[in-house]
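Trainee: The residues making up each chain are set out below.
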Amino acid sequence: MPTHTFETKHLQAGYDRKIILDDVNVRIPSNKISIIIGANGCGKSTLLKTMARLIKPESGDVLLDGKSIHKMAPKQLAKILGLLPQSPIVPEGITVADLVGRGRFPHQSVMKGWSKKDYEAVAEALEMMNITEFADRAIDELSGGQRQRVWIAMALAQQTDILFLDEPTTYLDITYQVEILDLLTDLNQKYGTTIVMVLHDINLSARYADYLFTVKNGKLIAEGAPKDIVTAALIKETFALDCQVIQDPVSNTPLIVPIGRHHI
Amino acid sequence: MKSLPSTGEKQRLLPKHFVAVVALLLILLLISVLMSLAFGSRTIGLGGLMDGLFHPSVESHEASVVRQRIARTVFGLICGAALGVSGALMQSVTRNPIADPSILGVNTGASLFVVCGIAFFSISSPSEYIWLAIIGAMLTAIFVFGIGSMGASGATPLKLVLAGAATTAILSSLVTAIQIPRMNVMDQFRFWQVGSVGSASWESVQIFIPFLVVGLVIALFVAPALNALALGDEVATGLGVRTGVVRIFAAFAGVLLCGAATALAGPIGFIGLLATHVIRLVIGPDVRFLMPLAALCGAIILVISDVVGRFLGSPGELEVGILTAFIGAPILILITMKAKMKSI
Amino acid sequence: MINETMNAIIKARKSRQRRYIFVTVLLAVITIALACAMMMLGNTIYPVRDVVRVLFGETVPGASFAINEIRLPRTVAGLFAGFAFGAGGYIFQTMLRNPLANPNVIGITTGSSAAAVFCIIILHTSSTVVSLAAVIGGLVTVAIIYGLSKGSSFSIGRLILIGIGIQAMLNAFISYLMLIGKTSDLPTALRWLSGSLNGAELEMTFPLIVAVIIATPILIYFAKHLEMLELGEQAATSLGVNTNQTRAILMICAVIVIALATATTGPIAFVAFLAGPIAQRLVGVGFSNIVPAGLIGIILVLGGDLIGQFAFETRYPVGVITGIIGAPYLIYLLIRINRKGDI
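Residue numbers (the numbering used here), protein chains in the order written: chain A, -8 to 255; chain B, 52 to 395; chain C, 244 to 586.
Bound conformation, chain A alone (with noise of 0.2 Å):
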C-alpha cells in the first residue's frame, strides 16, 4: 500500500484572472477518503481542479511527495494520479470494454500494443464495478448509475495511489448514489486508494468521509474527521443554514437535520 504526500502551499487559483482560492494550503491525508463540501460556487470544485492539474495556479504550488506536479511529465504523474471529471464525454459508439482501456494510456508506450498487464488492469477495473457483463455493449446504451461506473472503472484502470473525482454522484438517484459511495470505499480498503472527492450532499459525505475539508469563499474555513467538526455552528458558517445535528442511527456519523422557516 504506497503511501504519498500530498499538499498545497499558499495556492491562488481562479478563471480568467478571478481569484477564486485564496491562500489554501491543505494536506491530503493518505490512503483515506477526503470530502471537501461547501455551499455552490465557493470553490471547493476549483480546488479539486486545481490539485488535479486542471488549472494552473496563479501562486503557490500542489506538491505531491515533494515534487511540484506542474513540474512532472505528465504521464508519470497520470500514473500515480488520476482524476474523473465532473461531465466526461463519451465518443459514440464506443463501448465499455474499450473505454474502460483508455484508461491505460499513461501505462502506455505508443507504438507498443497491449500487453497482458493491461488486460489485467482492464478485466480487474470492470469486475469490481460490476460491469463484466456491459463491457461489449456501447455506452448510449446504459444507464446514468451504470455509466458512472464505467467512468470509475476507467479511472480505476489507469491505477493510480490518489483518484480524484468531482462530483461523482450529481444527476444519480440516491440508489446509485449509495452504490457509487460504497464502490469507491471498497477500492479504498482493497488497494489503500487515496481518494478525494466533491460532493453535494452533506449528510453522505459525513457518513463516507474519512476526513472533511470545508470550503467558503474560496478559503479553507475547517478540516478533520466528520465526528469532530460537524456541528451546527460550522454548517451555519459555511452553507447559511441553520439545523440541528444529531447522530446517524445507520453509521453513528453526523446527520444534519436542517431547520427552515416552517413546520418547526
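These are computed hints drawn from the structure, not numbers from a lab. Ideal Cβ positions, reconstructed from N, Cα and C, are used throughout, including at glycine. Relax, there's no trap hidden among the hints.
Simulated pairs of lysine to aspartate or glutamate, EDC-like, Cα-Cα distance not exceeding 20 Å:
#	chain 1	residue 1	chain 2	residue 2
1	C	254	A	127
2	C	257	A	127
3	A	70	A	-2
4	A	0	A	52
5	C	393	C	476
6	A	218	A	233
7	C	254	A	118
8	C	257	A	115
9	A	207	A	13
10	A	207	A	14
11	C	257	A	111
12	C	257	A	124
13	A	47	C	476
14	C	254	A	115
15	A	0	A	56
16	A	108	C	247
17	A	70	C	476
18	A	23	A	-2
19	A	0	A	14
20	A	107	C	247
21	A	0	A	13
22	C	467	A	83
23	C	254	A	124
24	C	254	A	111
25	A	58	A	14
26	A	66	C	476
27	A	218	A	228
28	A	227	A	214
29	A	227	A	192
30	A	210	A	-2
Covered stretches of chain C (chain B as the covering partner; in silico rule of three or more C-beta atoms under 8 Å from a C-beta of chain B):
#	stretch
31	415 to 421
32	565 to 579
Not close to chain A: a few residues of chain C, all C-beta gaps over 12 Å, as computed:
#	residue
33	266
34	275
35	291
36	295
37	449
38	558
Based on the hints, put chains B and C in the right spot on chain A.
Mentor: Positioned in the frame of chain A, the structure of chains B and C alone reads:
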C-alpha cells in the same frame, strides 16, 4: 427580443430617438441617391445632376447619363427596402437573430430554379424568372426551416445556419452541374447571377412593384402580432394571437420579398441581417417600428454598396452581393460572439 | 473469473483488430484499383502492360504522352489530395468532437483558396509561393476562427457559426478577385471554386506529397493522444496528455496538409467531411481511424473524378460530384443530430 415591453405596460407612442433616427436615415437616403446618380464610370457634376433630374428639356450628355441612372437607383432602393423588410420578417418568424435569406440558402434555391428554367424551358425574360425564383426561394425556405427546426430546442441559429449551408452546398453543386454542359445557359445565367442592380431598367422596377406592394402590406398587417410572437408561442397564444396563421403569412411575405429581389437583382446577401440589427440596436425590438426603418436602412445599404462597387470594380463594376457579404458577415460574427451559448 | 473476463476482452479486441486490418487492406485494394483505372482510362484505353511500361520509363507511342503528362499527374494529385482531405478532416472532427466541425464547413479550405487565388490573380507568383500562401491562409483562418470563438467560454457551435461568417467574407473576396482578374488567369483560378483534378501537374503536387509523407507518421504517432482528447479536456489531462501541445501539433499538421491539398486541387467539396464518418462506420470506434479515413478520402476523390470524367456525356470536375454526393449526407447528419437535440 426578450426586453420587449409587456403589453400591459403603458407604452410610449414612439420609441426613443425615433424621429431623430428617421430624419437621419432620410438624409442618408438622399445622399446615397445623389451619389448613385452622380458617380460611376463617368462622374457627373451638380449642374448635370440638376439638369438631368429637373430640366427634362436639357439634352446634354451629362443629363442623359443621370437619367439612365435613375432607373437603376430606384430599383436599388426598392430592392434594398424589400430585403430589409424580409430580414426583419424572417428574424421575427424564427425568433432567431441571424435568419437572413442568404444564410438560409434561399438565394441559391432561387438560383437553381432560374437556371433550370433557362436550361430546360428556355425561359429568358425577367418577368418569368421572377416566378421561378420565388417558387425556388419558397421551397428552399420550407426545406431549410423544416430541417433546422427539428428537435426539442427548435430552430436555433446554429441549426438553421448549418441546414442553410448544407442546402446551399447541394443546390450550388446542382447549379454547376446543370451549367457545365450547356455553354449558352452558362452565359445567360452568369448574366443573371452578376446582374446585380447594374442591369436594372424601368421594366425591372415595374415587374417588382406588385410583389413589393403585396409583401409590404402583409408585413404591415402582421407586425403587431409578431411583437407578441417574440414573447414565445405560449404567451402569444395567451394574448390571443393565432401563431400558426401569423407565421405562415409573415414567412410568405418574407420569402416573397427576397425571392423577387433575388430574381431581379441576383443573389444579394446579408442586407436583411445588417439593416435589422442596426435598427434594432438604435430603436429597440418593436417590430412595428423596426420594419419601416429596416426598409429605409436596407435601401441605403444597397444603394451605397452599389456606388462603392462602381469604384472598386472599375473599369467594370463589382457586384453588390460581394460588398454586402463583406460588410454583413462581420455582423454575423459579432452577433455570434455576443450571443449566450444557450441560445446558439 | 478475472481470467474469463480478460479472455473475453482480448477476444473482442483481437476481433476488432482483425476487422480494422481487413477494412484497411480492402480500402487499400480499392484505392489501387481506382488508381489503375485512372491510369488506364481516358480518350484511349491503354492496357495495364502499357501503363507499367510507361511508368518504368519506356516510350510507348501515344501512351507515353497521355500517361506521363495527363493521367499520372492527375492520379498522383488525386491520391495525395484525397488522403490529405480525408485524414485532415478526420483529425478535425475527432479533436473538436463534432462531425460538423471540419475544414469544409468552418471555412479553412476557403481561407486557403482565397490566399491561393490572390497569389495567382494579383501577384502572379510561382506555384511554390501559391502553395505557401495556401498554407498560411489556412492557418490564419484557423487562428482567426479559433480566436474569435474563444470568448468567455469556448463552444463548438460558436466556432462553426463564426467559421461560416468568415467563409462568407472569404467567398466574397474570391468573387471580387475573379472579377478584377485577367481572363487568362481565370481557368487556373476557377479551380479554387470547386475542386478539380483537371490540369494537375506533378510539379505543383510536389509540396503536397512532401507534406503528406512527413505529416502522416506524426499524425499516427499522436493518434492515441487524440483518442484521449475525445474524452474531453479534463479526462485527457488526467490521463497524462499534454492537451494544448497535442492539439496544436495535430491542428497544424492537419491544416498544412489540407491547405496544400486545396492549393493543388482546389477545395474538393465534402471529402474532408465525409471520410471520417464513413471510416467510423466501416471500422467501428475505439481505434484511431486516421489511415482508413485517408484511404476513403482517396477513394472519394478518385472515384468522384472517374464518375465525373466518364459517367456522363459531359465531363464534370470531381468537386461537383462529391458535392452532390456529400451534401445529402450532411443533411441526413443534421437531421439526426437535431433529433437527438445536441450540437
